[in-house]
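Read top to bottom, the protein sequences are chains W and V. Under the working numbering, the first residue of the first sequence carries the number 7, and numbering increases by one thereafter. Under the working numbering, the first residue of the second sequence carries the number 133, and numbering increases by one thereafter.
If you are wondering where the hints come from, they were derived from the structure by calculation, not from laboratory data. One should not assume that every hint holds.
Unchecked claim - Distance condition first, Cα-Cα at most 30 Å in a straight line; then the derived DSS-like pairs of lysine-lysine: (1) V/Lys151 to W/Lys30; (2) V/Lys293 to W/Lys17; (3) W/Lys30 to V/Lys179; (4) W/Lys17 to V/Lys151; (5) V/Lys143 to V/Lys293; (6) V/Lys212 to V/Lys293; (7) V/Lys212 to W/Lys30; (8) V/Lys179 to V/Lys212; (9) W/Lys17 to W/Lys30; (10) V/Lys179 to W/Lys168.
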Amino acid sequence: MTHATGNPVWKDYPDTSTIVSAAKLNNTETVLDNLHTSEYGGNTRTRPALFRAFYNGSIAVNGDYYITTGWTIDIDTDSGWTVPGGATPSYYTIPYGGRFWDLLISFGTATTGANSAMTAKIMLNTASATTTAIASDSRSTNTWEGNVYCWRPCVPLAAADKIYFSMWSSAAITVAPTFGFWYPNLMIRDAGPV
Amino acid sequence: MTHATGNGTWKDYPDTTTKVTAARLENAETSFDRLYTSEYAGTARIKRAVFRAYRPTNWAISGDTWVSSGWTVTHDTDSKWTVPGGTTASYYTIPYSGRVWDLFFKFQFSGITGNNIGAGKINIGTASVAQSIASDSRFVIGGETNVMVWRPSVPLTAGDKLYFAGWCSTPCTAATQYGGVVSEIIVRDVGPA
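Isolated chain W, as found in the complex (with noise of 0.2 Å):
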């Protein structure tokens, strides 16, 4: 059988015939880097890179509403969110490259517009709702009830591109933590490997 590392059945050792070579040692050193930059992104990391944010106050939304500041950072491994402050809007910045990047905002509301519609938006680099989004989600509303999942996986990003996250909705609404625990919220996560 050869295993992951390349390497031959073993043998018992001390052996007058074969050596313990620095070719099969090195293979399992290469194994474990392999691993390690598959799971962590990089053999020197105890793990990947992750970035979770929620809201526990009230936003009015009418129009667009970029997030900026306010958010409880819970989880932020790399210390990638940046707080410009007062109206600019916050984002993330992706820590390394070659790896693919889950990316998520969502939010809820009790009481929505009626005929009215919600949406969210991720944007890629800079600021901009309606020209620079790579991910998004609407929902038609009609005074219930109202939640955007604005959701997209497996996304391919370089180091240092800047995440930011907006809201929008075509009437006043008020987005804040509803049923309990289901808070706005913002996650980004390394999905491994391209």
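Let chain W serve as the given structure and place chain V on it in line with the hints.
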């Protein structure tokens, strides 16, 4: 401490009483093999299967409309996307068994108003919406409509064929919107079943 290999703590070598046994070394190899199989679906693979394709041009949907030709494949690790051509439904063939798969199919359109419905399906085996294993539908009042069929962690078998269909209650045109929101298909291995 017992390691994932099953080995106990190692000693310094050379040692006068304890050999570096083949069994211990094989335990380490077997542990690597298991990780490779879990991570890549086999000891001879170096990455999991991923398929991604998008529609670079408008996609006219009228009744059940199958994904056929005209889609650009950006990633297909195992070369499993088959395009018979014309309007014959294209399909992805699952390359190996024993795994669970994330399935994603998204398209979006505008210009339809007034109580219509857009829907999408992912079908197994044959190009028939009666063979659906994932579905989404969106009520249309106006403005943009995003149909997103998403079913994660589906156990599938080598040779299973996946087809993708759009539908709208009135003819519509799916298109790239807002810069880079594309109609897209993703099939990815997400680990052992």
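Broken hints, by number: 2, 5, 7
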